[in-house]
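Listed below are the residues making up each chain.
There are 2 protein chains.
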Amino acid sequence: MGTGLSSTKMGIAMKPQEEKRSDRKHREIMSAATKVFVAKGYDSTSMEEIATKAGVSKQTVYKHFADKERLFGEIILATTHQIDEVIGLVAETLGHTKDFEKDLSQLGRKFLSVLMDAQLLKLRRLVIANADRMPQLGRSWYERGFERVLATLASCFQRLAQERLLKLVDPLIAANHFVGMLLWIPVNEAMFTGNDRPRSKAALDGLADAATRAFIAAYGSKPKSATKAGT
Amino acid sequence: MGTGLSSTKMGIAMKPQEEKRSDRKHREIMSAATKVFVAKGYDSTSMEEIATKAGVSKQTVYKHFADKERLFGEIILATTHQIDEVIGLVAETLGHTKDFEKDLSQLGRKFLSVLMDAQLLKLRRLVIANADRMPQLGRSWYERGFERVLATLASCFQRLAQERLLKLVDPLIAANHFVGMLLWIPVNEAMFTGNDRPRSKAALDGLADAATRAFIAAYGSKPKSATKAGT
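Chains as they are written, first to last, in the working numbering: chain A, 1 to 231; chain B, 1001 to 1231.
Isolated chain A (complex conformation) (with noise of 0.2 Å):
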């Protein structure tokens, strides 16, 4: 049935290794569309430009995505998966930690590296810019994006909780505050200026351990003289 539907998506019936090439042309196209879309922005970027950089015709790329907007939210979606996977991998192993600290610092220094990716930050800029156009492609990246990873590391927070690592009411506040205090400055930083002045990996691993002593020095279980927040 999932066969069924995906060639029934592209509009004909086609063998399984006939999708094959078709899935892997499509993320060729959405690979070259990405290039052309961080390099010239949204409006100066045409459907001609994205076709010769994928080596594709025009036709073929009309083909996979009926039209510009369509392809732009493709590519804007599907960076929301690959956030949540690393956030839901990491997070993970906090729900064995031995060193609780440790592996939340080390949890805080992964998810600022995958978003201070340089091409992601240049979409999240292009997502900001055409809001007021595409409403709905902003609305959905906030909540897919945005939500579902607060989501994600408030199940993980409300599980060390329950074995009393954590001491918290709210989980979903408590992931907010995490994630506030690990990405404000850098990822603001970056959006106003265009990251002309990237932080190295040292700098920004300082801040999620900075974000990761104040997160337990107010939500840790602990009595606040064993944790290091103002000290």
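Where hints are given, some of them may not hold.
Partner residues aside, some chain B positions facing chain A, computed with beta carbon under 8 Å [as the list claims (entries may be wrong)]:
#	residue
1	ALA1078
2	ASN1176
3	VAL1179
4	GLY1180
5	ALA1203
6	ALA1217
Since the hints were made in silico from the structure, they are not lab data. Backbone N, C-alpha and C fix where the C-beta goes; we use that ideal spot for every residue, glycine too.
With the hints as your guide, set chain B onto chain A.
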């Protein structure tokens, strides 16, 4: 000397009374231009339309602002003064606080309500949208807006640490954490979705109170059992 400089900037020698009129016109053009930029975006705004909206000639607009980019830049940078003034005023009250949590929460509420102003959010989005084209403007807004607000808060937190209401080593990191917990979610939601579902004042106040509780739990000097982040 100040008057001399100002007259020179206008390219003509003016008497005090004329200067005042010129200042008023300058403000009126900026106000009209802000409305047009916010409604139509940077690209679709023309100096002609701004002149019409301001009820002046195009020539008058050009007498005050050499080109569209400089007019836009002046509008954007003026908002950073507004924000910093508000924060400075409110932070000052923390210097004589009788009820630290209540006053910090007031600061959070005020800051959030200023930042969530619909017009300011739209200008913020315009800066991000044009950061590639005008990196210098984005950098100035980041430094004069972002970093200055953080510096104001940091010196406020530093004073509170001297009064033993806070316990911290790096006041700038602490300021960064307070603002991040406060703003990450509502500001980003507004950036991505065009603020299509603005939060109520009560909801924003709730965010401010939660950020305040977590901040005091992390950085307050009282033992954690006396604070409320996780209770």
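Subject >> Given hint ALA1203 (chain B) near chain A, where the shortest CB pair must fall under 8 Å >> reply: With Cβ-Cβ at 12 Å, over 8 Å, it is violated.
Subject >> Hint status (Cβ of ASN1176 (chain B) to nearest Cβ of chain A, threshold 8 Å) >> reply: holds, 5 Å
Original post:
Hey, does the VAL1179 (chain B) contact hint survive, CB to chain A under 8 Å?
Top reply: holds, 6 Å
**OP:** Would you settle whether the hint for GLY1180 (chain B) is holds or violated, based on the nearest Cβ-Cβ distance to chain A being less than 8 Å?
**Re:** With Cβ-Cβ at 3 Å, under 8 Å, it holds.
**OP:** Using 8 Å as the Cβ threshold, decide whether ALA1078 (chain B) counts as touching chain A.
**Re:** violated, 16 Å
Original post:
Does ALA1217 (chain B) pass the interface check with chain A, least Cβ-Cβ distance below 8 Å?
Top reply: Constraint on ALA1217 (chain B) satisfied, holds at 4 Å.
Hint violations for this structure: numbers 1 and 5, all remaining hints satisfied.
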